[in-house]
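Asker: Once you've looked at the hints, dock chain B against the given chain A.
Protein chains: 2
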Amino acid sequence: MTTVKVNGATRLYAIIGDPIVQVRSPELYTELFAAAGMNAVMVPMHVMPEEFDRTVPALMALENLDGLIATVPYKARVVRFATRLGNTAARIGALNALRRESDGTWTGDMFDGLGFVRAAERKGYTLRGRRAALFGAGGAGRAIGCELAAAGIESLSIVDPLHERAVALAKTLADAFPACRVAAMATLPDNADMIVNASTVGMREGDGLPADIGALTRDTLVGDVVVSENPTPIIRHAMRHDCRHITGRDMFYGQQDALMAFFTAA
Amino acid sequence: MTTVKVNGATRLYAIIGDPIVQVRSPELYTELFAAAGMNAVMVPMHVMPEEFDRTVPALMALENLDGLIATVPYKARVVRFATRLGNTAARIGALNALRRESDGTWTGDMFDGLGFVRAAERKGYTLRGRRAALFGAGGAGRAIGCELAAAGIESLSIVDPLHERAVALAKTLADAFPACRVAAMATLPDNADMIVNASTVGMREGDGLPADIGALTRDTLVGDVVVSENPTPIIRHAMRHDCRHITGRDMFYGQQDALMAFFTAA
Numbered sequence: 001m002t003t004v005k006v007n008g009a010t011r012l013y014a015i016i017g018d019p020i021v022q023v024r025s026p027e028l029y030t031e032l033f034a035a036a037g038m039n040a041v042m043v044p045m046h047v048m049p050e051e052f053d054r055t056v057p058a059l060m061a062l063e064n065l066d067g068l069i070a071t072v073p074y075k076a077r078v079v080r081f082a083t084r085l086g087n088t089a090a091r092i093g094a095l096n097a098l099r100r101e102s103d104g105t106w107t108g109d110m111f112d113g114l115g116f117v118r119a120a121e122r123k124g125y126t127l128r129g130r131r132a133a134l135f136g137a138g139g140a141g142r143a144i145g146c147e148l149a150a151a152g153i154e155s156l157s158i159v160d161p162l163h164e165r166a167v168a169l170a171k172t173l174a175d176a177f178p179a180c181r182v183a184a185m186a187t188l189p190d191n192a193d194m195i196v197n198a199s200t201v202g203m204r205e206g207d208g209l210p211a212d213i214g215a216l217t218r219d220t221l222v223g224d225v226v227v228s229e230n231p232t233p234i235i236r237h238a239m240r241h242d243c244r245h246i247t248g249r250d251m252f253y254g255q256q257d258a259l260m261a262f263f264t265a266a
Numbered sequence: 001m002t003t004v005k006v007n008g009a010t011r012l013y014a015i016i017g018d019p020i021v022q023v024r025s026p027e028l029y030t031e032l033f034a035a036a037g038m039n040a041v042m043v044p045m046h047v048m049p050e051e052f053d054r055t056v057p058a059l060m061a062l063e064n065l066d067g068l069i070a071t072v073p074y075k076a077r078v079v080r081f082a083t084r085l086g087n088t089a090a091r092i093g094a095l096n097a098l099r100r101e102s103d104g105t106w107t108g109d110m111f112d113g114l115g116f117v118r119a120a121e122r123k124g125y126t127l128r129g130r131r132a133a134l135f136g137a138g139g140a141g142r143a144i145g146c147e148l149a150a151a152g153i154e155s156l157s158i159v160d161p162l163h164e165r166a167v168a169l170a171k172t173l174a175d176a177f178p179a180c181r182v183a184a185m186a187t188l189p190d191n192a193d194m195i196v197n198a199s200t201v202g203m204r205e206g207d208g209l210p211a212d213i214g215a216l217t218r219d220t221l222v223g224d225v226v227v228s229e230n231p232t233p234i235i236r237h238a239m240r241h242d243c244r245h246i247t248g249r250d251m252f253y254g255q256q257d258a259l260m261a262f263f264t265a266a
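From first to last, the protein sequence lines stand for chains A and B.
So for the first sequence, our numbering puts the first residue at 1; every next one is plus one.
So for the second sequence, our numbering puts the first residue at 1; every next one is plus one.
Just chain A, same shape as in the assembly (with noise of 0.2 angstroms):
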């Protein structure tokens, strides 16, 4: 846990989800805030589902709370209440960060896939040239989706539950994105030597991999957006085949400094 300190003048950053006991932005962000000699702490605001929509509104109307993180379930949902997108956030219609400005209007953007491509920098991991197939199309997936195509990829297979979520994100990105094979499909290819699970599969106790994923090759790279404590399944399944992986930590770790960036450019 962080100490932090706080008094009337604290300014409050809150992160929404559904459910909160997991997030660690409460921990980091409030450090960096203090490191960046801010009075303001990031809290976890546990909104339900159905009260989504009149509490987030609310939140923003209160006169010393300056931003916003979303979290599961909500990356897709708060866009309606931002007055402006950023680029990547208007292309995927899904944020993770809120800010007020100086005139009381809000700007959204996404940072989860800037993180997670960034965690790859990080570690040394080419992305460009490669073939990937990304589990789930929500608000990460779409992101992260982004990101990789503007980061060189040269396919890129989409696999979700819901499959008209893979098709309009395939349609986003292959119009973005030309030189990069965009694709929704039904299961995971053979040919990938990238595999990023962006579902929740592995947020519960006892959840397994997001897809029959078979065995690996040791040149695939595997990627989850879970954070957790001990490694998710898919991360456990890559340790095991001695693939080089980024975890959700890595992502939200990845994420910092843009996003201190963009919290403080207000």
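Just so you know, the hints here were simulated from the structure itself, not pulled from any lab data.
Nothing here was measured: the structure is a model prediction, and the numbers come from that model.
Hints should not be assumed to be uniformly reliable.
[Stated by the list, open to error] Facing chain B, according to a computed beta carbon distance under 7 angstroms, are these residues of chain A, among others:
id: 1; residue: A9
id: 2; residue: V21
id: 3; residue: Q22
id: 4; residue: E27
id: 5; residue: M45
id: 6; residue: H46
id: 7; residue: E51
id: 8; residue: N64
Don't be surprised by glycine CBs; every beta carbon is placed ideally from N, CA and C.
Answerer: Just chain B now, kept in the frame of chain A:
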């Protein structure tokens, strides 16, 4: 400032008011929560009057928000959001604390008057038999009037620029405490040996006394509800005349035990 810890499992308490930067509850109660072994934090929330009615129920719908403190100007206005009220809050139609019960309902009660009386006890000041003049019949004034009458003062004269508020409080207290002579007055009476400012006069830079209270004799007990770093105008006036006095800070700290007991009784 108080040192606290925060993570995804942290339970939230909030103080709602307008303005908010001056409040001390975040520091005090966050420290008391930590001392009690709770993973909980009290954060300031600046709620604008025009947003109050939609913001408060939205906050109460946050699954990890367990309590609220209401301060100026919301102590009366927040009553409608309580499922049930303690005796004092029910009598005066104002509260300063709300807690979530295990069944999700909300209990409210008012501790300002108790805090004031406890502060007097701690300082060894006698209240019984006093002829008190009370300036301000808002939430804090009603609470203090109620507890002073319960503590056995001889008489209570109530002055408020909104005269009907003074009349309503006088009626409530006369009914509840027939042994105490209670009256709504246009000006502070001459024979008072206790003067309490329960208005917000003194909160703002440049404020003077809440009314022309003239010279004070040394046996006059002076009280103020305004919590301030430096002595407020009425407390400075009392100090100049060498009078015993109870400050807003005394009242604030006087209610901490009762308020913690209230919050942890859910």
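Asker: All hints are to be evaluated individually against the structure, with a verdict given for each.
Answerer: Checked hints:
no.	hint	verdict
1	A9	holds, 4 angstroms
2	V21	holds, 5 angstroms
3	Q22	holds, 6 angstroms
4	E27	holds, 5 angstroms
5	M45	holds, 5 angstroms
6	H46	holds, 4 angstroms
7	E51	holds, 4 angstroms
8	N64	holds, 4 angstroms
In the structure shown, no violation is registered for any of the earlier numbered hints.
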